[in-house]
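Start from the sequences and build out the full structure, keeping to the hints where you can.
Here the protein sequences line up with chains A and B, keeping their order.
Per my numbering, the very first residue in the first sequence carries number 70; after that it's consecutive.
Per my numbering, the very first residue in the second sequence carries number 1469; after that it's consecutive.
Hints were generated in silico from the structure; no laboratory data involved.
Label pairs and their in silico Cβ distance ranges:
id	chain 1	residue 1	chain 2	residue 2	range
1	B	L1542	A	Y706	41 to 47 Å
2	A	V723	B	G1682	18 to 24 Å
3	B	V1496	A	L94	57 to 63 Å
Pulled from the structure, derived: some chain B residues nowhere near chain A, Cβ distances all over 10 Å:
id	residue
4	A1480
5	G1590
6	F1631
7	G1682
8	P1704
9	R1896
10	L1996
11	G2008
C-beta atoms are modelled at their ideal positions from N, C-alpha and C, and glycine is treated no differently.
Read off the chains here:
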Amino acid sequence: MLQGAQLLAAEVSTDVPSPIGLAPLVILLPLVGAAVLLLAGRRSDRWGHWLGLAASVGAFVVGVVLLVGLLGQDAEARAYDQHLFDWIPAGTLDVSAGLRVDPLSVTFVLLVTFVGSLIHLYSVAYMEHDDDRRRFFAYLNLFVAAMLVLVLADSYLLLFVGWEGVGLASYLLIGFWYRERKNAVAAKKAFIMNRVGDIGLIVALMLMLANFGGVDFATVHAQAPAASTGITTAIGLMLLLAACGKSAQVPLQAWLGDAMAGPTPVSALIHAATMVTAGVYLVVRSAPVFEAAPDAQLVVVIVGAVTLVFGAIVGSAKDDIKKALAASTMSQIGYMILAAGLGPIGYAFAIFHLVTHGFFKAGLFLGAGSVMHGMDDQVDMRRFGGLSRYMKVTFVTFGLGWLAILGVPPFSGFWSKDKIIEAAFVPVDGQEWRAWVFGTVALVGAGITAYYMSRLFFMTFTGRRRWNDGSGSLDGTGPQDGPVRHPHESPALMTAPMVVLAVGSVALGGLLAWGDTFVTWLEPVTGHAEHGEPVLPAWLLIVLTLVLVLAGIALAWRQYTVQAVPVVAPHGNALTRAARRDLYQDDVNENLVMLPGQVVTRTLVHADREVVDGAWTGLAGTLGLLGDRWRRAQTGYVRSYAATMLGGLIVIVVVALALAS
Amino acid sequence: MTTFFAPTVDWAYLAPLVVVLGAGVVGVLVEAFVPASARRATQLALALVALVAAIVLVGTLWTDVTDQGYVDVLGGALRLTVTTLGIQAVVLVLALVAVLVVADRSADGLDAFAPTAAAVPGSPYEELARRKGLVQTEVFPLTMFAVGGMMIFGATIDLLTMFVALEVLSLPLYVLTASARRRRLLSQEAALKYFLLGAFASALFLFGTALLYGATGSVNLEAIAEALAQGGAGGPTAGMTGMVVVAVLLLLAGVLFKVGAVPFHVWTPDVYQGAPTPVTGFMAACTKAAAFGALVQVALYVGTGLQAGAPDTFRALEVALCVVAVASMVVGTVVALPQTDIKRVLGYSAIAHTGFVLVAVLGLLGRPTPEAGVDALGAVVFYVLAYGLATIGAFAVVTLVRESDGARDGVVLGEATQIRQWSGLGRRSPWLAGLFALFLLSMAGIPLTAGFIAKFGAFRAGVDGGFAWLAVVGVLASAVAVFFYVRIVVIMFFADAPADDDAAPRPDGDALVPDVPVRAVRPRAPVLVALVLCALGVIGLGVFPAPVLNLLG
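Right, here's the structure in full:
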């Protein structure tokens, strides 16, 4: 057990100083915004979006006040539980609604409100031609409020309220364009798969109640270290199940890709920057529980590792720009979950990566939205190409986000992802095999990430035009089939947030890593971690990572810029042809990675569609069939009803008699 | 010569009951003496005033009863405790809202009841009554009688009084079930089924009472508990284990029938579907509240007695109740999935909810002493309140979604109860559909609704009583239940008419709907008030449940 004793470094105080007392306002502003927009109806159509934006910006301002308030305190004193009201008093249990203000929650508050505000701004333009723009902003505000409840709650029960709230908002937003059946189905799928994860959280709540007699963080975290390992492991695994559902980790990952049916700003905010990272928050927040359950921690790491590879491979095969980004999100969250499973050494880096990822992934999604805006909602990357000439701002901001996610120094992602890879190489409890296995996975994952992100970037912005420019030119530079596109740069309201996020992608990581600022800031929550020694020297890891990243970029460059990209996606055997074309390449290593990689890709994509999806629909189908069978028992004849009652009664009596004697 | 001792009656504690039953009696007189034109208004006013007065009276009794712990009236014919008084209050509040729905005539200026329920459906006499514009205002006194019975049913520890109360509450319900204005044959069939099966259940209850009397020499639950506690070898019930088991199970069967627990649930879907919808709401909410009051009384006293005197028997009964609870949750949830009729979905969901409340009841049994079970009792009362509000609200919405006759200028016809007819409702009537979604989400137990707090309380009571596994089954069942609640929401908001394949008519079922236009009627005063009250209750109890939970212990 690493530094377990040093967790809870800060005493949680309930005596709240004045600036911190503003915390409820953070939630209230967007909540009131949502309420006004929903209740005022069509009357607020003209100004509704500005109100929504104002509410979000207001929440951000309050968040900054909270930050300043916390910074004004000693590091050890930066944790407050603010009691709001008695919520569920029942016998021995008193659950009160309260807010936990500490570095971790404030970090999330700032991330959610800042990125949220930018996306509100972007949406003003993006949704301009939508009749229901006001409703969209109402849902966005609702989401922000729910997300803030989630991260500010001081008990698992109130966290659950936010948890369900973001699920609901996500559901409403995915299905926003509900007139298309596919979107409604995707919304339903996301909602239902999330409920499966929610069961985990509810069962964890039950276990906490039964064993600790409370569900607030203070009680649970104080008692977890003394509890039996069996109990903490059970709670930990249930929390992990919840995290898997919300954060699209294997095996509950299938909904995220479909969720891309929602408007792109939604994908940026909810399905990239904030909501999907709630699982990471949950694991880090529950650190004392996981510290007392090494087995659960190991499962966390495994889930993270499997997902990061899974997402990366799927991302390499998707042609839909948003789905590729979604797979990438899944994979990056895999990194965070992996880090969170490593214990105190990883918590801070998990959150660090979460923050930087929030910036560059939101930027990438907004960039994708901008491309779609310019290309009349086309999402097939095989129909892009050479767009850098037409949308310069998008190209540059997207490019910076791309460099950040690749982990190229000195961009943001480098500072956070590299630390995770390094932490993964540190043996846990002296078990070197874990360091080698998970470290290697994280390292290789970085290489694949570089490949698929570069593929995405090159297919979109470089190479030849693969869309119809309507010129009818016969010079053979591009296809003349398909609808005519007039790619153009998006309006300033859209590009401004992209620029801001790009600045974050460039500088935020380095800024926060400077002198370990961010890690020190989080220490009151995550505990101080002694610097563990990785099994390979740190400089070598950085070099290895960079080599793999460069290899990934080079491979993608050759495939998608130097060589022509087919407009129509090659199917099964075409994939094999592609594999064969690479087989005669001189680099043997490459071939050894590529062929299995493509087979695995195909299998995984197939498995994702057939097995995982099939299992879910199968479950629903089985229940439906069962229901249908039992429904038939309801014949409508009183005599059969009476017989059912009598028969049931006799069975019960016989059972009871047998047990009683 | 025997001296006659006049019983001392503490009228103050009977006051709420006297008011309600008195209003019923006066209502009958109103039928006889008030001119037809003023009758409906008089009846409605009488019922509402009586219910409000009774609520106020229960409120005045509250501190008195909580201070004393419990108050016996007429030797246990009525035993008022926080729980039983809570049940009475819940029944009254729910009845008040339900009466508003019963009185509603938003749709076409007509209420939900047949002009003369006694007429043969389709007969010239019925047609005449319809044309004369007769109104069956007897529904109000009938409702009041039922409410009176419910108030006694959930608050007595005397088994014979309990039986009488059972009949007092059931008979008006049978009649009310039979008196739907539309689909009269379905309504009468439902009533007959309800009556026959109800009689069957009553017989079981009575038989159980008789056997228990045979074993313990009393029909008073407290005395029964004492006798059972001495139980075992040499005690009053020595050698009668089998008899006690059968007696208690028969007794429970009678009550479980009223709450609609599997396998005594068979009547629920048919009756819910056939009864006039306002009555369904009333019946679903109030009967369940009262019957759980009775169930808790039986479980509490018999359980305490057996726990002390015959632990083995106690375990056996716990297992029996567990079986019933699990079966209710599973059957209710799973069979609700393929339903195509909204009233039947709500009927099956009622069965599942019964299972959830049973988790709390079992949690009560699991406590070492009855005093330790206060929060479980509170959980039961809170649950029936939360469920009742959502249910009455949901059925009230159902009364407003009507088929209309395109050929005759959109004249409003009967209710559109096929789920697929509800598609797109969210766009045409966002408020109504929003309210319905709210009630469904509360039933699904989504946070910040009363249903969430209720489920949380019930499962917590189960966990605390040592039935964590039962709570897990409950959580799983509610997760599956979300499927059918959300399906309706999806159809309302996200589907275009004609809807989803899921809800397509089945060739073998009763779901062959003619394609008639569906529209939501604009709610007018009574039902609007009821809807607003339900919505406020569902949200209020979800966000600030503390005051109510504090009151309940």
